[in-house]
Amino acid sequence: MSGFNSIALKTIWIKECTRFLRIWVQTLVPPAITMTLYFIIFGSIVGERIGEMGGRPYMEFIVPGLIMMSVITNSYSNVASSFFSAKFQRNIEEMLVAPVSTAVIIAGYVGGGVARALLVALIVTLVSFLFVDNVQLHHGIILVFTVILTSTLFSLAGLINAVYAKTFDDISMVPTFVLTPLTYLGGVFFSINLLPGMWQTIAQANPIVYMVNAFRYGFLGISDVHLGVAMGVIVLFNLAFFVIAYQLLQRGVGIRS
Amino acid sequence: MKALSIRGLRKVYKGGVEALKGIDLDVNQGDFFALLGPNGAGKSTTIGIISSLVNKTAGSVSVFGYDLDTQLVELKRHIGLVPQEFNFNQFETVQQIVVNQAGYYGVPRDVAKQRSQQYLTQLGLWDKRNSPARALSGGMKRRLMIARALLHEPKLLILDEPTAGVDIELRRSMWDYLEQINKQGITIILTTHYLEEAESLCRNIAIIDQGRIIENTSIKRLLATLNMETFVLDLDPNSVNAEITLQDFQWRQVDEHSLEVDVQKSKGLNSVFAQLSKQNIQVLSMRNKANRLEELFVNLVEQGRQSGTKAGAK
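Here the protein sequences come in this chain order: A and B. Taking my numbering, the leading residue of the first sequence gets 449, the next gets one more, and so forth. Taking my numbering, the leading residue of the second sequence gets 102, the next gets one more, and so forth.
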């Protein structure tokens with residue numbers, strides 16, 4: 449559909465932000481509580497016995513990873529649950545009957561996912577100040593670029609999940625069986641340089657490694673992978689997921705008969 | 102200009118069900134048009150295709166000259182859809198729902214808020230503007246869907262069974278409102294199970310059955326084809342002292358104070374009254390027994406199916 453409908457984009461974005469703000473107890477409070485527990489258990493209690501990781505105190509090392517973990521899960525679940533609910537309640541039809549292009553629908557939902565992810569990232573960062581004394585940002589632009597692109601990527605992934613989902617169970621399968629294992633193995637809690645040879649190679653096939661490390665570079669100036677490669681992987685995955693989401697919605701998969 | 106023009110429209114769903122078998126349909130600008138048909142006839146599929154919720158298999162659709170395949174944006178701008186089932190977010194407030202819908206059509210937020218006051222007031226929902234949709238009654242939800250469909254000020258309003266499950270008083274008030282906006286120039290296409298609704302509101306009608314249009318004409322012309330009507334006469338029981346006789350009419354005495362009389366349009370009712378007066382029988386009131394359109398509808402659908410069966414047997 450030709451023509452850029454900026455008012456529709458703004459409308460979808462406002463609707464999405466209103467949704468997650470309306471249910472803030474379900475969307476904003478849990479990451480704050482979970483991450484506080486991570487900081488206490490892995491940072492303070494276990495971390496003191498570990499000492500340093502990647503040349504930094506363990507607590508400092510895990511801060512960027514935990515922020516990124518929140519960004520990934522919140523951007524994904526925001527779009528997956530919102531888009532699936534719109535399908536389930538059939539209010540997605542409000543957009544389908546209107547002159548709203550596929551790209552605008554995607555941008556609106558992804559915009560909502562990114563907004564929630566950034567808000568959660570801010571909350572987790574503020575929580576981390578309770579546990580880390582001296583937080584200095586190494587490279588602000590890379591930090592912002594990484595967090596926006598990562599939340600965009602997982603918003604797109606959540607959208608694709610919601611397109612295929614037929615029940616509410618279907619939107620919790622991917623986070624449980626794919627997202628959580630990849631995130632835990634993605635270098636949030638450890639440097640992948642600690643892995644034995646073959647496992648290091650395998651770990652590099654995990655895209656979350658690149659996101660966590662690019663973000664950690666922006667935060668602390670340290671990374672297990674080359675920054676250029678990390679950025680390239682993130683951009684490439686974004687393009688691929690956008691093309692998939694666009695094709696699915698354009699063909700009306702799961703939303704048009 | 103035609104508000105809607107459909108040519109050779111076909112829809113075959115996955116699994117091979119052919120919901121539409123090449124229908125042609127025209128609706129004039131300013132018309133109040135009824136699309137009738139039994140369940141599964143293809144009404145909702147037709148509406149789904151016009152409003153681009155259903156992908157067509159073949160054929161063409163244009164709305165005010167804008168083609169569904171090549172001018173989709175313009176076509177969509179001209180249509181307001183009131184679907185059969187509630188399809189708004191139950192957790193959003195009444196005003197959020199209508200303002201958001203206008204936003205999807207490119208109406209700026211401040212303009213949409215102004216219009217929301219106008220349309221929600223007209224439909225008796227302004228007091229409920231801050232209530233979540235799930236808190237509304239069934240009738241209010243129906244009216245909310247009408248307000249939502251009007252906020253971008255479409256030229257063609259399509260209503261898929263808008264008064265289903267609505268009580269009589271509210272249905273009448275919705276009819277009044279629809280007549281009012283039709284007079285203001287909005288073309289209306291209505292599907293309904295209430296044939297009385299089509300007879301009261303609509304000027305033209307198409308009857309669809311098994312994916313085919315079996316009749317497409319004006320309501321007046323359609324009703325004119327009905328030769329026989331049945332009237333129920335309520336009699337004063339004190340005036341009925343002997344056995345009733347009525348010559349040249351088919352009639353039945355339902356009980357001691359009511360008669361059912363079949364009257365051919367060419368004959369009229371004068372003779373009935375004259376004969377009853379001669380017997381000193383007082384007629385207290387009279388009503389038409391059958392819904393005339395319903396009778397025609399049933400006949401047309403049956404005829405259509407019989408001819409379809411014969412054609413199939415060949």
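Keep in mind the hints are simulated off the structure, nothing from the lab. In this text, a Cβ means the ideal position worked out from N, Cα and C, and glycines have one as well. One or more of the hints may lead you astray.
When the alpha-carbon atoms are kept at most 30 Å apart in a straight line, the in silico DSS-like pairs for lysine-lysine are as follows [to be verified]:
#1 366(B) / 535(A)
#2 535(A) / 256(B)
#3 458(A) / 122(B)
#4 256(B) / 458(A)
#5 242(B) / 256(B)
#6 229(B) / 535(A)
#7 122(B) / 229(B)
Pulled a few chain B residues facing chain A out of the computed Cβ check, cut under 10 Å [said to hold, decoys possible]:
#8 139
#9 152
#10 154
#11 188
#12 189
#13 200
#14 201
#15 204
#16 206
#17 222
#18 224
#19 242
#20 249
Hint check:
1. Annotation: proposed proximity of residue 366(B) to residue 535(A) is violated, straight-line Cα distance about 53 Å (limit 30 Å).
2. Restraint check: the Cα-Cα separation between residue 535(A) and residue 256(B) comes to about 28 Å, which is no more than 30 Å; the hinted pair holds.
3. Annotation: proposed proximity of residue 458(A) to residue 122(B) is violated, straight-line Cα distance about 41 Å (limit 30 Å).
4. With a C-alpha separation of about 25 Å, the suggested pair residue 256(B) and residue 458(A) falls inside the 30 Å cut-off, and the hint holds.
5. At roughly 22 Å between alpha-carbon atoms, residue 242(B) and residue 256(B) fall within 30 Å of each other, so this suggested pair holds.
6. For the given pair, residue 229(B) sits about 26 Å from residue 535(A) by alpha-carbon distance, which is consistent with the 30 Å threshold.
7. Distance check on the hinted pair: residue 122(B) and residue 229(B) sit about 44 Å apart at the alpha-carbon level, beyond 30 Å; violated.
8. At its closest, the beta carbon of residue 139(B) sits 20 Å from a beta carbon of chain A; the interface hint therefore is violated under the 10 Å criterion.
9. Satisfaction of the interface hint for residue 152(B) is found here, the shortest Cβ-Cβ separation to chain A being roughly 5 Å, below the 10 Å cut-off.
10. Interface restraint check for residue 154(B): the shortest CB-CB distance to chain A comes to about 6 Å, inside 10 Å, so the restraint holds.
11. With its C-beta approaching chain A no nearer than about 4 Å, residue 188(B) sits inside the 10 Å limit, and its interface hint holds.
12. Evaluation of the residue 189(B) hint against chain A yields a held restraint, the C-beta minimum of about 5 Å falling below 10 Å.
13. Interface hint status for residue 200(B): upheld, as the beta-carbon distance to the closest one in chain A is roughly 8 Å, under 10 Å.
14. Contact between residue 201(B) and chain A, as hinted, is supported at the beta carbon level, the nearest pair being about 5 Å apart and thus within 10 Å.
15. The criterion of a C-beta within 10 Å of any C-beta in chain A is met by residue 204(B), whose closest approach is roughly 3 Å, and the hint holds.
16. A cut of 10 Å between beta carbons decides the hint on residue 206(B): the least distance to chain A is about 5 Å, and the hint holds.
17. Among the interface hints, the one on residue 222(B) is violated; its C-beta lies about 22 Å from the nearest C-beta in chain A, farther than the 10 Å criterion.
18. Interface restraint check for residue 224(B): the shortest CB-CB distance to chain A comes to about 18 Å, outside 10 Å, so the restraint is violated.
19. Because the closest C-beta pair between residue 242(B) and chain A is about 13 Å apart, greater than 10 Å, the hint is violated.
20. The criterion of a C-beta within 10 Å of any C-beta in chain A is met by residue 249(B), whose closest approach is roughly 8 Å, and the hint holds.
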